[in-house]
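Since the structure of chain A is provided, determine the placement of chain B on it from the hints.
Top line first, the protein sequences correspond to chains A and B.
Those letters in the first sequence? Residues 1 to 275, by the numbering used here.
Those letters in the second sequence? Residues 1 to 275, by the numbering used here.
Because identical chains cannot be distinguished in the list, a pair is counted as satisfied if it fits within a single copy or across any two copies.
Taking lysine-lysine pairs in the DSS-like style, the calculated list, with each CA pair at most 27 Å apart, reads:
| # | residue 1 | residue 2 |
| --- | --- | --- |
| 1 | K163 | K151 |
| 2 | K14 | K200 |
| 3 | K140 | K151 |
| 4 | K44 | K13 |
| 5 | K175 | K151 |
| 6 | K271 | K200 |
| 7 | K14 | K270 |
| 8 | K196 | K270 |
| 9 | K85 | K252 |
Keep in mind the hints are simulated off the structure, nothing from the lab.
As the structure is a prediction and not an experimental result, all values here were calculated from the model.
Number of protein chains: 2
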Amino acid sequence: MNAAQLFESIRQKKSFLCVGLDTDIQKIPKHLLDTTDPIFNFNKEIIDATIAYTVAYKPNLAFYESLGYSGMESLEKTVKYLRQKQEDIFIIADAKRGDIGNTAAMYARAFFDHQDYDAVTLAPYMGADSVLPFTTYLGKWAIILALTSNKSASDFQYFNDGKQALFEKVMETSKQWGTTDNLMYVVGATKADMLKDIRKHTPEHFLLVPGVGAQGGSLAEVAENGMNHQCGLLVNSSRGIIYADTTENFAKVAAQKASELQQEMEVELKKAGLL
Amino acid sequence: MNAAQLFESIRQKKSFLCVGLDTDIQKIPKHLLDTTDPIFNFNKEIIDATIAYTVAYKPNLAFYESLGYSGMESLEKTVKYLRQKQEDIFIIADAKRGDIGNTAAMYARAFFDHQDYDAVTLAPYMGADSVLPFTTYLGKWAIILALTSNKSASDFQYFNDGKQALFEKVMETSKQWGTTDNLMYVVGATKADMLKDIRKHTPEHFLLVPGVGAQGGSLAEVAENGMNHQCGLLVNSSRGIIYADTTENFAKVAAQKASELQQEMEVELKKAGLL
Chain A
1 MNAAQLFESI RQKKSFLCVG LDTDIQKIPK HLLDTTDPIF NFNKEIIDAT
51 IAYTVAYKPN LAFYESLGYS GMESLEKTVK YLRQKQEDIF IIADAKRGDI
101 GNTAAMYARA FFDHQDYDAV TLAPYMGADS VLPFTTYLGK WAIILALTSN
151 KSASDFQYFN DGKQALFEKV METSKQWGTT DNLMYVVGAT KADMLKDIRK
201 HTPEHFLLVP GVGAQGGSLA EVAENGMNHQ CGLLVNSSRG IIYADTTENF
251 AKVAAQKASE LQQEMEVELK KAGLL
Chain B
1 MNAAQLFESI RQKKSFLCVG LDTDIQKIPK HLLDTTDPIF NFNKEIIDAT
51 IAYTVAYKPN LAFYESLGYS GMESLEKTVK YLRQKQEDIF IIADAKRGDI
101 GNTAAMYARA FFDHQDYDAV TLAPYMGADS VLPFTTYLGK WAIILALTSN
151 KSASDFQYFN DGKQALFEKV METSKQWGTT DNLMYVVGAT KADMLKDIRK
201 HTPEHFLLVP GVGAQGGSLA EVAENGMNHQ CGLLVNSSRG IIYADTTENF
251 AKVAAQKASE LQQEMEVELK KAGLL
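So that you can see chain A by itself, here it is in the shape it has in the complex:
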């Protein structure tokens, strides 16, 4: 999928919502624990309930890996189910990988050949070697951590050489490693005021914005500062949707929450003249 196709998907659903599948066996409704694959069954119901309002899903791999290979099996089933449900849904492996050439190539093979993800999140610390094996896959995306939404993001991401901060250096340098059709950046929504600056240097790239919902951050502010002529935003919500209710009603409430965000997004897309 290229940027134009992603934008088309956003226009069709009037939404730039990404639902984070941070599925935690300790947090899902208790009645699911008696089923043969509680993790997959939870995801399936969440997907069925939210896919009308959602252009992307982002399973966070840590949650599945913490359960060993049975967790990985639930995850593979989830990705296959998403593809069955809607072939061109955008699926992000939130893996935050970052390793050298031959290892990065193994990861690219894992995510793009063995499984069927559209994109993988990557940590930039090791440089070009760790990103290029992903951007060489036609139609697939590397999503590079730039400015994250966690408290200790400031430990290193603001480290400054007098001209720019590390996160700006990361964006500037890594732009050479791909195109606006295969490179995206993670920019935390808690820094919505910084999106305007980021857009000066990176006007064209899609940005994946975590931190709306449970982690705070205003959707209107993000849209106002970060939207470009192809929308250029995927805004993620995880806990605010998938754990909004923890009874047998969870999927219905997840649908409501996703629908509310979709409606807000529709307003912003219209405001920007994109619908």
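Just chain B now, with coordinates in the frame of chain A:
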């Protein structure tokens, strides 16, 4: 395992060798492909052949994940086999993870509770949040990427604020997040001349040194510049040992290669007065 216990293990085996289990289904001897679990069987023979010369093993998770959950199953079996074979062998999950608080906690649970690793490699980009959930596990280690051995390490790791490079900032800042009993750093052996400088600022910590063997780097130089009063080094070799021979003889040749490195290490340990 704390630093003193790791040093004791080094003294017993007269070796500070770590064998990297970068097990690639496309590179292992062909006769193993007919067995029920070629990856595990390869690892088992490598372990049997090299454990006399080795204090640590470092499976690179990308290689297993690229095979989906069957690869993860082979890996879990490998870790269990290592523990059976020698209970206090030091096992490193070369995962290069780096994620925020709740996700990092899931990863820590995955590596330390669900499986039985002693240490995990971590990328520092997201700061303290991504490391602290690991250092709170008693007897377990976080191994932070500082200066890596790949070509594009220089893309960001040398980014300089006028006082220090990013990799130095990472070491200086992250020292606060743990102790010399649960924090280690990755420092590439291609930069052996820089080890002397690093030792000025970080005299006590263990360093995990990749890049000896197939990736180049001189063991004598690493030892001379990097060794401290508890050895303070784990030197990794992967391809130089596990793929030294690709016939049915592979395990025997792996043993020879590991034995050669052990003998060189014994010389260095004696030179430093540690044996």
